[in-house]
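J.: Chains Y and L are the protein sequences, given in the same order. The first sequence: position 115 = 115 (our numbering), numbered continuously. Remember, our numbering sits 165 above the position in the second sequence when you count from 1.
The reader is advised that the hints may include incorrect statements.
35 Å max Cα-Cα, derived DSBU-like pairs, lysine-lysine [unchecked claim]:
hint, chain 1, residue 1, chain 2, residue 2
1, L, LYS578, L, LYS519
2, Y, LYS80, L, LYS601
3, Y, LYS80, Y, LYS25
4, Y, LYS25, L, LYS594
5, L, LYS519, Y, LYS22
6, Y, LYS103, Y, LYS80
7, L, LYS577, L, LYS519
8, L, LYS598, Y, LYS25
9, L, LYS577, L, LYS601
10, Y, LYS80, L, LYS598
11, L, LYS594, Y, LYS22
12, Y, LYS22, L, LYS598
13, Y, LYS103, Y, LYS25
14, L, LYS598, L, LYS578
15, L, LYS601, L, LYS519
16, L, LYS601, Y, LYS22
17, L, LYS319, L, LYS601
18, L, LYS519, L, LYS598
19, L, LYS594, L, LYS577
20, Y, LYS25, L, LYS601
21, L, LYS319, Y, LYS22
22, L, LYS319, Y, LYS25
23, L, LYS577, L, LYS598
24, L, LYS601, L, LYS578
25, L, LYS319, L, LYS598
26, Y, LYS80, Y, LYS22
27, Y, LYS103, Y, LYS22
To be clear, the hints were calculated from the coordinates, so they are not data collected in a lab. Remember, predicted model here, so these are calculated numbers, not experimental data.
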Amino acid sequence: MLSEHRERSSTARVIPPARPRKLAKVPFVELADGRLQGVVSSGSDVERVYVSSVAAGNYEFACSTNNNRPCGGAYGAFCKHIRSLISEAVVQYGAERVGRYLKVDGEDAQSITAAMDLTSPAQGGNTAAAPVFSRFLHHLAYLELAPTTAPLPEMQWFPPTRAVV
Amino acid sequence: MRADLLVETVAGLDEALGVVDAFDRALVAGLLRPQADGLFELADAVAGTPLAARVAEAAEKAAAGAAGEEHFVALAAARTALLGSVHDALVLRVEEATGRARGEEPPQVVGDRSAVNLLAAARSWLADLARSGWRGIDHDVVSGADQVISAMLKEPGLRRLATLLDGFVAELAASCPGASLDRVPERRWADLWSRAMLLTQPGAADVSPTATATGRLLPLGVDVHEHPTAAQAQVHAVFEPEDGSTPRLVRASVSVPKPDTILGAGIWQLLRPHMSLLAAISEGRSMTLTQMPITAEGDLIWNDEQARQGEPADAFTTARVALPTATTPVTAALDRHPARIAVPVFLEGYSSTKDTFTLAGQNLAVDTDRVPVAGPLTPEAVAASSACIGLLRWDAGVFSVQPLAVETTVRKKAVAVHAGAWAGGTTDKAGAKAEKAATDAAALLRERAGRLLRR
Numbered sequence: 001m002l003s004e005h006r007e008r009s010s011t012a013r014v015i016p017p018a019r020p021r022k023l024a025k026v027p028f029v030e031l032a033d034g035r036l037q038g039v040v041s042s043g044s045d046v047e048r049v050y051v052s053s054v055a056a057g058n059y060e061f062a063c064s065t066n067n068n069r070p071c072g073g074a075y076g077a078f079c080k081h082i083r084s085l086i087s088e089a090v091v092q093y094g095a096e097r098v099g100r101y102l103k104v105d106g107e108d109a110q111s112i113t114a115a116m117d118l119t120s121p122a123q124g125g126n127t128a129a130a131p132v133f134s135r136f137l138h139h140l141a142y143l144e145l146a147p148t149t150a151p152l153p154e155m156q157w158f159p160p161t162r163a164v165v
Numbered sequence: 166m167r168a169d170l171l172v173e174t175v176a177g178l179d180e181a182l183g184v185v186d187a188f189d190r191a192l193v194a195g196l197l198r199p200q201a202d203g204l205f206e207l208a209d210a211v212a213g214t215p216l217a218a219r220v221a222e223a224a225e226k227a228a229a230g231a232a233g234e235e236h237f238v239a240l241a242a243a244r245t246a247l248l249g250s251v252h253d254a255l256v257l258r259v260e261e262a263t264g265r266a267r268g269e270e271p272p273q274v275v276g277d278r279s280a281v282n283l284l285a286a287a288r289s290w291l292a293d294l295a296r297s298g299w300r301g302i303d304h305d306v307v308s309g310a311d312q313v314i315s316a317m318l319k320e321p322g323l324r325r326l327a328t329l330l331d332g333f334v335a336e337l338a339a340s341c342p343g344a345s346l347d348r349v350p351e352r353r354w355a356d357l358w359s360r361a362m363l364l365t366q367p368g369a370a371d372v373s374p375t376a377t378a379t380g381r382l383l384p385l386g387v388d389v390h391e392h393p394t395a396a397q398a399q400v401h402a403v404f405e406p407e408d409g410s411t412p413r414l415v416r417a418s419v420s421v422p423k424p425d426t427i428l429g430a431g432i433w434q435l436l437r438p439h440m441s442l443l444a445a446i447s448e449g450r451s452m453t454l455t456q457m458p459i460t461a462e463g464d465l466i467w468n469d470e471q472a473r474q475g476e477p478a479d480a481f482t483t484a485r486v487a488l489p490t491a492t493t494p495v496t497a498a499l500d501r502h503p504a505r506i507a508v509p510v511f512l513e514g515y516s517s518t519k520d521t522f523t524l525a526g527q528n529l530a531v532d533t534d535r536v537p538v539a540g541p542l543t544p545e546a547v548a549a550s551s552a553c554i555g556l557l558r559w560d561a562g563v564f565s566v567q568p569l570a571v572e573t574t575v576r577k578k579a580v581a582v583h584a585g586a587w588a589g590g591t592t593d594k595a596g597a598k599a600e601k602a603a604t605d606a607a608a609l610l611r612e613r614a615g616r617l618l619r620r
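Isolated chain L, as found in the complex (with noise of 0.2 Å):
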């Protein structure tokens, strides 16, 4: 891989980023009595595109402390437009980068519009929210969210929606009152805010597989997401078509909301009976798959039906010699953003530190923090690897590396570790302790949940 192109500057990035970090500013006093700067200079950043005249109405309602909903969906909507461009411009960067071929493009999927008095309701709040700013945020105006996330959450086809508000929102109520806030994580929470608007659209958040993928899957490892009240575990893998066609990456996801004294091994436990996968990346197997449905931007929608073992497969095997063959997925246009860039890499021949990998004279940034504690791969193992199959990520400026599994020695003995190495279930002493805990955990709630639920 070439990590000097890496930290190389993106030409006009600075720009785009800048006029997102002044719109940022605005929703920090709230709307109600805003800082007009940002708002128009968001308008101006897409003056040249389909949205001019819906955002600079927007805008100019906004600024007069006038807006109505659909003139915040509007700001949303420039907000993440801009972002996009930042995120299709990284993903220039890494193409050249790691070399590979980018998938097809996927076409536009008019989605279900179903459910829209709880979309109604959710925007409503988010409108709410915006006026009152992060500065203004008191326990009643966080608090307007929890009926409507708790019906959300019962319903399926809600569940993006449903997931990022509970986590947005649990922030948000962990930081009241927000006039006594010492720092405000502005971006973030600009980018939850225009992210849950724009879900609010009937149909946004819609996610039909478009195809199946028959063939052979090589995992190569697990990223883990996790808020207090959700988790999701995704595995990224190289899919082989029977057809012999071109290999290209894939994910494959379960995620479920939980309790949040739910944590560590328990998360897997959780999620281990509802994807085979988890027990095969733990065993070291490939997986076969028959007819599973696969949607245009590379994302399996798993059923163990349409799943059978296969035969081992070594996930640093295949980052030699699948990974550089695959093409990437092309992620589709309402979900570029720059924190959705999770790209896998293999590297090696590099010196390494615990926050530093440092390739052909070029340092690029580890981020440890993201491996799970439910798992065997620690800092200190990254600290000493000699190769490592990674996620390429952006935030805050700085490209950096999520390792998945590292090769390194331990004893005088070549070993290989990986992040998801418990995602199945573990025999290792530590992991064995912590998987009794969680289960331990997880039947008292239980219990206490049938003596106590349906009463």
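Just chain Y, with the same shape it has in the complex (with noise of 0.2 Å):
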């Protein structure tokens, strides 16, 4: 029955709602292109951002800054930004999805970080970090589009959820 309800309906929902969480110290996060991505804000140098990632299944992971220096903190294992990165991905997205994404078990942040560091994950290059760095700043000029009064009829396929994830 709630099959044949979701194949019909129009406005079966797919993805689930992000939660809102602080955004201070890791402005963006998403789960796309097989990894946890995102960019993390440098506790000493507002100037200075990180853009971490860990991938899916085999957890190598990433971070230096978005002018390419590596980070000091990732050598041999996750450093500080991308811990702040899976917690908040956690809160953003939920645990369940997270490590659904990631393919790791974990009820919690602390859970799923604990299991991907002990597999010993390696230490991948860093040639993810400029189109991580570009899809946050492809987020950020979302602020810069003007609103509309003209209505858009094609939002009716994209009614909100209360549903929790």
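Assemble the dimeric complex from its two separately framed chains, guided by the hints.
T.: This is the structure in structure tokens:
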């Protein structure tokens, strides 16, 4: 019955709603391109941000500044930026969705991080840093798009949902 | 309202939807090596219409795995026409149930034919998508739309298609690879695909105002729509023309693209500065309109300069007194689809649970999931309510009512609770907290944008 409903529904919810979170430490996080990736603010320099990522499946990780300098903390193990990235991803998407995407079991950020730590994941190169940073800029650019009072009838297909992930 | 009429079978509905479902199954596997049955069923269904020849040809080509873009457009048009007929049958039923008259048939408008290059790029991507099928999507296919969406978002005239594609692509991206999907939202994605395909026709998305509205606007409630990177607030209201002509139902909308981390109260904050009507809603006021542009479909093209604050107006009084006398606008041909049905209704004298109202022995489903979280209306308040202003909708074979506001009893006192009460701002404790969090999030993003974007 339920599956029938989903397949015959014009307004089936496909993406669970993101949950609001504080953005100061981690302004951007996403599950995309087979990675948990995002941008983490530097604790000491407002001009600097770190681009951090963890790959799904093998948990290969990378962390560098947006100017492509390697993160000093990310040698042989997850740095604090990657740990923050994981916790904020869990706030935004829920542990279940983050765990499923990364292919790791864990009921909260701590257990997800610990489970990945245990496998001693490899450190990857910083090739993803530029595209991730550019996705962050693209994300910020939405703030600059003008609102309109012309109706968007297509938005009828996108109802909100109260469902909690 | 005659709820009994809403549960009766609509003649021909199952047959029409059966054809839609067959076509939608073809899109699951993709049109490179299609399951041809669904294509021919669709062609047969429109055989008696002006679309007949083009759709028959399109079905032939597609069945052979040799369809070009124009053939995909023809198939999308046939599916849209079929769902248009479903819409018309359902709306007729709604009119019988509400007892309200319909407004005038909107004229055919020939739209603006600009930005054809971007439209062509979108069409080409949609054709690739149809060839892949939902089971064949991967990150390469899906990300093919990114550049065209970014370019279209910057063109105000292309906002409809851009916003639709942006939401659609986010869903597809979250569902990659299609081969490992548990279940496919077949009707939904086929809806979004066909709508987008039609909107790539130059002029199809044009919604020019055809008249102006001068008179009193009495709000009934606010409906919110959102996907990760866009939000729209749509106010449903009764408009009483100053010249004393028949009152009519109208809508006023404001929408904006947004980063996906701006949510809940943050959406009200983005929209609020662009439509004074949202403040009027929170204050329980009417507004006076002077020469406000309006489309034949009853959509006001809001401009704050053509509106001023009016007298206090209780939405429930409007619903009891003005709503029954108002005509319901007729939807333009291209926009007719069951998902578009959102008809304001007033219900009372029912017994209720969280998901059902029982009216004169008939059960009507209540869709509280559509009630936005950034507001005081909760499923509990709906379940305890005695009167309700809502939108009558239809999806997956059944009518339901989406509550916009209810009258209920809180600590032995009768109160009205509105889903859109926080639209213009709030002093409610939970609301103020959500507002503060949203303000901080937006400020942080703007600060980051200021530092990083224009380097």
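J.: With reference to the structure, classify each hint as holding or not holding.
T.: Outcome of the hint check:
Proximity of LYS578(L) to LYS519(L) is assessed by CA-CA distance (about 21 Å); at most 35 Å being required, the pair is judged to hold. In summary, the hint linking LYS80(Y) to LYS601(L) is supported, as the alpha carbons are separated by about 28 Å, within the 35 Å threshold. A C-alpha spacing of about 11 Å is found between LYS80(Y) and LYS25(Y), which places the hinted pair at or below 35 Å, so the restraint holds. About 26 Å separates the Cα atoms of LYS25(Y) and LYS594(L), which keeps this hinted pair within 35 Å; it holds.
At most 35 Å may separate the alpha-carbon atoms for a hinted pair to count; LYS519(L) and LYS22(Y) meet this at roughly 32 Å. Taking the CA atoms of LYS103(Y) and LYS80(Y), the gap is near 21 Å; set against the 35 Å cutoff, the hint holds. The suggested pairing of LYS577(L) with LYS519(L) holds, with an alpha-carbon distance near 20 Å, which does not exceed 35 Å. Taken as a hint, the LYS598(L) and LYS25(Y) pair is honoured in the structure, with Cα atoms around 20 Å apart against an allowance of 35 Å.
Restraint check for LYS577(L) and LYS601(L): satisfied, since their Cα atoms lie roughly 31 Å apart, inside the 35 Å limit. Proximity of LYS80(Y) to LYS598(L) is assessed by CA-CA distance (about 29 Å); at most 35 Å being required, the pair is judged to hold. For the suggested pair LYS594(L) and LYS22(Y), the alpha carbons sit about 19 Å apart, so the restraint of at most 35 Å is met. Note on LYS22(Y) and LYS598(L): the hinted pairing holds, with a Cα-Cα distance of about 13 Å set against a maximum of 35 Å.
With a C-alpha separation of about 25 Å, the suggested pair LYS103(Y) and LYS25(Y) falls inside the 35 Å cut-off, and the hint holds. About 25 Å separates the Cα atoms of LYS598(L) and LYS578(L), which keeps this hinted pair within 35 Å; it holds. Among the hinted pairs, LYS601(L) with LYS519(L) is consistent with the structure: their alpha-carbon atoms are about 30 Å apart, no more than 35 Å. For the hint pairing LYS601(L) with LYS22(Y), the CA-to-CA distance comes to about 11 Å; that is within 35 Å, so the pair holds.
Our distance criterion of 35 Å between C-alpha atoms is met by LYS319(L) and LYS601(L), whose separation comes to about 29 Å. For the hint linking LYS519(L) to LYS598(L), the alpha-carbon distance of about 26 Å falls within 35 Å, and the restraint holds. Our distance criterion of 35 Å between C-alpha atoms is met by LYS594(L) and LYS577(L), whose separation comes to about 21 Å. For the hint pairing LYS25(Y) with LYS601(L), the CA-to-CA distance comes to about 17 Å; that is within 35 Å, so the pair holds.
Between the alpha carbons of LYS319(L) and LYS22(Y) the distance comes to roughly 28 Å, so the proposed pair stays at or under 35 Å and holds. At most 35 Å may separate the alpha-carbon atoms for a hinted pair to count; LYS319(L) and LYS25(Y) meet this at roughly 29 Å. Between the alpha carbons of LYS577(L) and LYS598(L) the distance comes to roughly 27 Å, so the proposed pair stays at or under 35 Å and holds. Distance hint between LYS601(L) and LYS578(L) is fulfilled; the C-alpha atoms sit about 30 Å from each other, no more than 35 Å.
The hinted pair formed by LYS319(L) and LYS598(L) meets the criterion: a straight-line CA distance of about 33 Å does not exceed 35 Å. For a cut-off of 35 Å, the pair hint linking LYS80(Y) to LYS22(Y) stands: about 17 Å separates their Cα positions. For a cut-off of 35 Å, the pair hint linking LYS103(Y) to LYS22(Y) stands: about 26 Å separates their Cα positions.
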